[in-house]
Structures are given as structure tokens and as C-alpha cells.
Amino acid sequence: MSAKLIVGYDGSAASDRALDFAMGRVKLQGGTVVLVHVLEWSPYSFLTPSELEERHKRRTEELERAEKALIAPVLEKVRAQGIEAESKIRYGHIAETICNIATELGAVQIVIGRNGHTTLGSRIFGSVAGHLAQASPVPCTIVP
Amino acid sequence: MTRISLSTAQAVLAAMAAMFLSSVPARAQTIDETVNQIFADSTGWFVSFIFASIPGTSIAWIVVWLVVAATVFTLYFGFIQFRVIGHSLALVSGKYSDPDDAGEVSHFQALATALSGTVGLGNIAGVAVAVSIGGAGATFWMILAGLLGMASKFTECTLGVKYRNEYPDGRVSGGPMYYLTKGFAERGLPGGKFLAVLFSIFCVLGALGGGNMFQANQAHQQLSGVFGEYPGWITGVVFAAIVFAVIVGGIKSIARVTEKVVPFMGVLYVGTALVIILMNADMVGSAFGQIFNGAFTGNGIVGGVIGALIQGFRRAAFSNEAGVGSAAIAHSAVRTKEPITEGFVSLLEPFIDTVVICTMTALVIIITGQLVTDPETGLYVINEAGQVTTATGATGVGLTSAAFESAFSWFPYILVVAVVLFAFSTMLSWSYYGLKAWTFMFGEGQVQELTFKVIFCVFIVIGAAASLGPVIDFSDAAIFAMAVVNIAGLYFLMPIVKRELESYLRRLNSGEIRRFK
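Line by line, the protein sequences are chains Z and H. Per our numbering, residue 1 is the first one in the first sequence, and the count goes up by one each step. Per our numbering, residue 1001 is the first one in the second sequence, and the count goes up by one each step.
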């Protein structure tokens, strides 16, 4: 089984840089790139009755959109360069979900980009990179 | 069969509409008076029927109906509300939720949405009405009704999930209309469709009454108490415009803001009540003394013990809606393989709503001395309307406001915001329940939906303009009418719930149903 590098991917410029970095590593050392896309979701949020009614439908649509519009093209691009790649799309708290997937797959490393929020911004909204640096079960590379 | 009952439904609704429109004011009146007059005249017969006494007694048959049902469900399911509450909490916190289902409606979300439809004015204004008519003793019966009601809620919400409709596009629709139709068919019983249509008619009326007019009415009373008197229809038009923007205009941001702020207001309300209770901790004992004493002696209220009991049960049912069937509509969207789990979760609702929040309101009113008693006899001083005289003369939400104000002078301002938001969120929930019932009768489609939504907004104006008496009577009557049909159906369907319950508990104990966390 080849070593798996998890890349947190959301289509942003920062996540593209993370992907480039991970691809560079895999080219040198071998292994598999795992693109992970997490749809922010809390089971404790509040929804209106009509949102409840449509939730299952929306979820199906959101997963399909993430798969088709975001992950599939990138996956193809990575594979075109001869790199082994797979993907995971999940709902949940972003950093926690990435950590869970890392444990599940026995990944060797997590690679994520950072948005370069100001200190104040990340203090208020929290930052995925900061959280992962604290909680990651495997070595974590944060690409600037 | 279907066609006949559908046209009956249409005829009844048309007749109702005609009644509201046909009466012409005979003399010059203000808009508010005219609306009130027409409203009281045209709904009186319905109210009298629902609240008719059992011949030879002074006990309203509807109260007996609700109490008997809640007791039957409690006994039939072996005091289910006390046996599974730990498991209920584990379900709500997601310990049994499959992580692969993340992104679907969780137990917590279904419960929160259902609660935001029930926690509201019933807890603030309804309780005040209960104690000002039934005295402190009404609180005891209210708590008892809340505890028993947990079993009713368990039954209806389990069925709501089990017999919901899942459409090919992934939407779900559930509620009494569906379990009455499908459940009766499954058991080979006739009349399911008839009950479903009857329920839908009452659900539409309940949505317009308790879910709409009562809310608008009390919101106006609260607003005019703070900003000075002004005509009710003005509040009505403003509310109607905002509700219209959300349910017709599809402006989700307003609904979303409400859904975020309402839980916060709920916590603030309960927190303040707790502070007032703690500040007067020495009075809590005597308050409970009044509650128990009043429950079994009546303490001089009109109607004595029976009067207190009726008020307690009436307001509890109005507040937590157990047995009414409305919650089954909200709970049915949850993602679960086991319908019974939503029953377990839903039984927390009457507990939170009635046993906790309503009781706190009642305690604050009693502790702050709002109910005037005769110092010599210790009995309540009854005014000419047959109600307990209050310290400030206020009734309804005004009484709750006065009670909180006596501890914190700024609280009425917070309460205005809370009442307006609660009223608004309850209206949104009920506009959905009413709409589901409406489309069940008339079919899904844009024209049908728009018709209902416009009628709903018109009733907001009527509710804000009418006076409390006729509005609260009609609201109660319509909601209890739902319970008549729903509970009648539940009696026939409860063996199905029992089967589900036994099967689930067996698998839970054997470890077949596993925890994920």
C-alpha cells in the first residue's frame, strides 16, 4: 500500500498551492494524493421547517456539485501527470473531518493551504490551519 | 370517497371565508372593533361546540379527551416518557447517528425546529392566562399535562416518520394526514382518508388561529404596552408584510436570522426567569405550596379545582401541542432508519416546553405576587370577569411582563423583542404546517400554495386587530379540533408503534443497534 498524502481541497488559490506541494512530494517519494473536500456542516444548527423538508434533496445536489464541478476535474488533472489520486467528499467540521479521514485511511501526512487571515479574523472565526496544527493525528504541512 | 371529502373540505373552507366577509358593519366603528365583532360572531358556534361541557357537569369534553388520551398512551407504552429519557438525550446529542449521514437532518435539528414552533407565546402569554383564570393551582395540572403529553407526542412523531412520503426528488412530507391515510390502509381499517382530510381542515384553521392570530394579537398587545396604544391593524399589516416577504417572496435571510435569534431569546428568557427565582429563593417553597394547595382546593377561583384543572390542561395542550399532530409534521424530516428514535427525541419537547419553561413563567408570576389574594381568607380576589385580580390589572402577556418588570425594570423591552420574535417564528412554523395540510387537500402546485399563503397573511391582520377573548377562544378551539381527529387516529395506530418500540428496545439491548460515538 502506498503512502497517502491528504490534501484539504476547496478550490481556493491556497488549496491549489497545497495540492501543487503535495504533488511535488509524491513525484519525488511516490504515494497517493487524497483530495479531501469538506462541506461545512453542524448537526446542531437551526433550520426552518421547509429547509428540513428539502435537506435530503439539497444534500444530494451539494454532493453532486462538489463531485462534478470541483473534485472530478482536479482529480483528472492530477492523474494526467501520472500521479495516483483519489478523493473524499464529506460533511462536517472541516478540521475534525480531515483528521478523521487521516486516521481512517492511515495517511502519512496532511497538506493544507492557508488563507492568510489576519490574527483578528482567525481569532473570531477560528482557522482550519490552526486547528489542524493543534489536532492533526499525523504530520501536517501548512503551505503558505 | 376522496372526491366527496375533498369537495366537503372546499365547501367548509368557502363557508368559513364567506362568514368573515359577509357581515357588514351596521354602525360606525373603528376598524379594530368591526374586525373583532365579525370575528367573534362568526366563530362563536365553533368555539361553543369544542368547549361544550359534558351534560350534567361543568367539565369541557375536550379536556377529558386530551387527558384520557395522554393517560392511555402513558399506560399503554408503560411510562415510556420516564424509561427512555436517557436514550433520548443520547440520540439528540448524536451518539447513535451514522457519521456517513452527516449533512442530513439530525435528531437535534428536527427537535429544535419543532420546539421553535411550540416554544413561544404559549409559554409566556398562555401561562399567564392559565394562572389568572385558574390560579396558581393551574400550574400543577399544567405540569402533569406536560408529563403525560410526552407519551402522546412520542406516539404521533413515531408515526409521522414511519408513514412520511418520500418523493423521488428527495423531499419528504409527513404528518397526521399521511399516517392516518397510510396507517389505516395498512391495518385494513376504513375511514383513514376521511380522518386525514378532516385533520387537514382543522390544521388549516389551527394554523390561522393559534399559529397566527393569537401570535399577532399578543405581539400587538406587547408592542402597544411599550410604545403606547395604537390601532392593532397597523401591527397586523407590518407583520403580514414581513411574513409575506418570507413565505411568498422566499426571502430566506429573514427566516434564517429569526432561527438564529429565537434560541438565544429563549435562553435569555429562561435565564432571567431563573435569576428572578433564585433572587427569591426563599419564596419558592411557598410558591409550590400555593401551586399544590390551589390544585386541590381551587383557592377561591371560579369553578374551583375543576376550573384550575381545565385551565392547566388547556394551556399545556396549547403550549406543547401534544396530541395535536403539528409536531409530527416538523419531526418527519429527520434522517433515521428507525422511526421510533424520532418518537424518543420528540418526547423531550413537552418536557422542555411545559415542565421547564411554562413552570418558570408561572413561578415568576406567583413569586412576584401578581395574583392578588385576600389577606384574611387567603383566597384569590376575583374580579367581575371571573378572573383572579392581578397586581397591575394586566392579563395575558401583559401579566408576564409585569411580573418580570417588578424584578427588572428593563425586562419589558427584552420581552417585546422576545415576543415579537417568538410570534414570528411560530407563525413561520405554522404557515408551513397549514400549507402541508392545504396541499394535502388541494394538491401541490404554485396556485394552491399561493392561495393559502395570502389567506394566512390576511389573518395576521385580523388577529392583531381583534381583542384577546375571541382570538384565544378560536385559537384553542381550532387546535383542539386537530387533537380530536389526530388522537382518534392514534388509538387505532398505537399497536404499530408498540411493535416498533418492542423491536427497537430488543435490538438496542442485544447490542444490534450500536453507538457511533
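Be careful, since some hints might not be right.
Claimed, not checked - A few chain Z residues facing chain H, derived, Cβ under 10 Å:
(1) D10
(2) S12
(3) A14
(4) S42
(5) P49
(6) E51
(7) K57
As the list claims (entries may be wrong) - Okay, derived cross-link-like pairs now, BS3-like style, lysine-lysine, Cα gap no bigger than 30 Å in a straight line:
(8) Z/K88 / H/K1517
(9) H/K1193 / Z/K68
(10) Z/K57 / H/K1260
Unchecked claim - Here are the in silico distance ranges between beta carbons for each label pair:
(11) H/V1248 / Z/K77: 40 to 46 Å
(12) H/K1337 / Z/L63: 30 to 36 Å
(13) H/G1044 / Z/K57: 24 to 30 Å
(14) Z/L63 / H/M1279: 21 to 27 Å
(15) H/E1502 / Z/G24: 58 to 64 Å
(16) Z/K77 / H/R1514: 51 to 57 Å
(17) Z/L63 / H/V1248: 41 to 47 Å
(18) H/A1241 / Z/S42: 49 to 55 Å
No lab work stands behind these hints, which were simulated from the structure alone. From a predicted model like this one, the values you see are computed outputs, not experimental measurements. Even glycine gets a Cβ: it sits at the ideal position worked out from N, Cα and C.
Each hint, compared with the structure:
1. D10: Violated: closest Cβ of chain H sits about 16 Å from Z/D10, beyond 10 Å.
2. S12: At about 21 Å, which exceeds the 10 Å cut-off, the nearest Cβ of chain H leaves the hint on Z/S12 violated.
3. A14: Interface hint status for Z/A14: violated (24 Å vs cutoff 10 Å).
4. S42: holds (9 Å)
5. P49: Holds: closest Cβ of chain H sits about 4 Å from Z/P49, inside 10 Å.
6. E51: Check passed: Cβ of Z/E51 comes within 8 Å of chain H, closer than 10 Å.
7. K57: holds (3 Å)
8. Z/K88 / H/K1517: Distance ~21 Å between Z/K88 and H/K1517 Cα, so the pair holds.
9. H/K1193 / Z/K68: With a Cα-Cα distance of about 43 Å, the restraint between H/K1193 and Z/K68 is violated, given a limit of 30 Å.
10. Z/K57 / H/K1260: holds (23 Å)
11. H/V1248 / Z/K77: 40 to 46 Å: Holds, at about 45 Å.
12. H/K1337 / Z/L63: 30 to 36 Å: Since the Cβ atoms of H/K1337 and Z/L63 sit about 20 Å apart, the hinted range of 30 to 36 Å is violated.
13. H/G1044 / Z/K57: 24 to 30 Å: Between H/G1044 and Z/K57, where Cβ atoms are some 44 Å apart, the hint is violated.
14. Z/L63 / H/M1279: 21 to 27 Å: For H/M1279 against Z/L63, whose Cβ atoms are near 52 Å apart, the range 21 to 27 Å is violated.
15. H/E1502 / Z/G24: 58 to 64 Å: holds (60 Å)
16. Z/K77 / H/R1514: 51 to 57 Å: Distance hint for Z/K77, H/R1514 is violated at roughly 40 Å.
17. Z/L63 / H/V1248: 41 to 47 Å: Hint violated: Cβ distance 30 Å, outside 41 to 47 Å.
18. H/A1241 / Z/S42: 49 to 55 Å: violated (32 Å)
The structure does not agree with the numbered hints 1, 2, 3, 9, 12, 13, 14, 16, 17, 18 stated previously, though it agrees with the rest.
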